[in-house]
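> Numbering-wise (my numbering), the sequence shown opens with residue 2 and increments by one.
FYI, nobody ran anything at the bench for these hints, they're computed from the structure.
As the structure is a computational prediction, the values presented were derived from the model and not from experiment.
Watch out, some of these pointers could steer you wrong.
[As the list claims (entries may be wrong)] Here are the in silico distance ranges between beta carbons for each label pair: (1) 430 x 236: 19 to 29 Å; (2) 42 x 258: 31 to 41 Å; (3) 328 x 421: 22 to 32 Å; (4) 374 x 253: 31 to 41 Å; (5) 51 x 222: 23 to 33 Å; (6) 222 x 38: 49 to 59 Å; (7) 234 x 211: 25 to 35 Å; (8) 72 x 21: 55 to 65 Å.
Heads up, the beta-carbon is just placed ideally off N, CA and C, and yes, glycines get one too.
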Amino acid sequence: MSTFGTHFRVTTYGESHCESVGCIVDGCPPGMKLSNENVQVQLSRRRPGQSDLTTPRDEKDKVSIQSGVEKGVTLGTPISMLVKNQDQRPKDYTDETLDLYPRPSHADWTYLDKYGVKASSGGGRSSARETIGRVAAGAVAEKYLYEAFGVEIVAFVSSVGAVHIPRFPGEKLASESSASKATSSNDAAIGSHAGAVDNTLDLSGLNEDEIQEPLSKEFRNLLDSVTRQEVDKDDVRCPHPLAAERMRQRILLAKSKNDSIGGTVTCVIRRVPSGLGEPCFDKLEAKLAHAMLSIPATKAFEIGSGFRGTEVPGSKHNDAFVEKNGKLGTETNWSGGIQGGISNGEDIYFRIGFKSPATISQDQKTVSYTGKAGVLATRGRHDPCVVPRAVPIVESMAALVLIDALLAQDARHLAATRLDRRNVLDLPKSMRLEEKVKQEASK
2 MSTFGTHFRV TTYGESHCES VGCIVDGCPP GMKLSNENVQ VQLSRRRPGQ
52 SDLTTPRDEK DKVSIQSGVE KGVTLGTPIS MLVKNQDQRP KDYTDETLDL
102 YPRPSHADWT YLDKYGVKAS SGGGRSSARE TIGRVAAGAV AEKYLYEAFG
152 VEIVAFVSSV GAVHIPRFPG EKLASESSAS KATSSNDAAI GSHAGAVDNT
202 LDLSGLNEDE IQEPLSKEFR NLLDSVTRQE VDKDDVRCPH PLAAERMRQR
252 ILLAKSKNDS IGGTVTCVIR RVPSGLGEPC FDKLEAKLAH AMLSIPATKA
302 FEIGSGFRGT EVPGSKHNDA FVEKNGKLGT ETNWSGGIQG GISNGEDIYF
352 RIGFKSPATI SQDQKTVSYT GKAGVLATRG RHDPCVVPRA VPIVESMAAL
402 VLIDALLAQD ARHLAATRLD RRNVLDLPKS MRLEEKVKQE ASK
């Protein structure tokens, strides 16, 4: 379906080469200041043609708010936002060969098999152009989250191919000199497991507890402090300068070979209110996984310690409770800010894997829709790697999940306040948060 969310509902529309794309947002609280400029910031970070690392398609992606806002203030009614497609080249897709052959690993065949028809140009609804509506809606959600709760969402590129920001204890990037030597002697080694630019492991100076930690102290510090300004300093959108340069080399290598490469995006959400998430089937991490894996080209999702956490004993992985500013908090945060499907007030962090873009300009052996063997050479303008432009998409989908969960929790809390809370005082202490109940009962 093309609609996401329950209380904050977003419906996106449009195809890659139609006249426009956009979204309708239903459920935005009234009374918030909102302008085209508030939304445009994120759309400009997502748009194509930003650098030689992205598709050359030249779209400005200028947004126009069509409804739901008057005199710069939200009305609480549906907000419609539209972006016109300006640099369409449908002729790139009207080749007889493309009509005969489905593009390998693309959505051509599955869409045709499911619906019996498909868009004649581009990827149709499977194109990344569809994400414009998500980013526009996410910008609205994020503005509310920040103004109402101070929530901050920052995503960044954490890997391209096998080149990645060191994440584990003792993991380091190879020295610049060895990386430069490897690059000049063997371009194919960039980001490959055979190359000298791979990350190395140096456990000297670390005690056993540090070695067994799911993530290194340096990477945790990055999650605590990284800002969008730091992310956007480099067009790779990686806040680690040395890793960013290696990533750029890896993307340009793929581009020079008419090939593509994948990568990962890491996202951190700070100042998240506790209590968000609806067990059992709408747990907060489940909704985040749903949202992230709905983004085109995604293939993997992990939250908190992720798969690394499966290698660590419980005695090292458990997040011990501590007192923080008069409330319970956790000493570590291997859970990634969510326990039992509910936010615990700590930062939420997760990582998403994006596959190498399916559309490449190399000849590929395939078969026609009738099963006849042949060779397909794809034309058109395509990203050699999607992760630099995926950063604002990830941030926007995270915002949509959070605002929906927050509105659900607000509705529950409001409904509970209409009851006599003294009813709860007779329950055993193990069943109630005593001080909170007493405070509410005395009102």
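> If a hint holds in the structure, say so; if it does not, say that too.
Structure-based check of all given hints:
1. 430 x 236: 19 to 29 Å: Between residue 430 and residue 236, where Cβ atoms are some 56 Å apart, the hint is violated.
2. 42 x 258: 31 to 41 Å: Check passed, 34 Å falls within 31 to 41 Å.
3. 328 x 421: 22 to 32 Å: holds (26 Å)
4. 374 x 253: 31 to 41 Å: holds (33 Å)
5. 51 x 222: 23 to 33 Å: Since residue 51 and residue 222 have Cβ atoms about 28 Å apart, the given range 23 to 33 Å holds.
6. 222 x 38: 49 to 59 Å: Roughly 33 Å apart at Cβ, these two residues miss the hinted range, so it is violated.
7. 234 x 211: 25 to 35 Å: holds (30 Å)
8. 72 x 21: 55 to 65 Å: Taking Cβ atoms as reference, residue 72 and residue 21 lie about 25 Å apart, which means the hint is violated.
In summary, the numbered hints that this structure violates are 1, 6 and 8.
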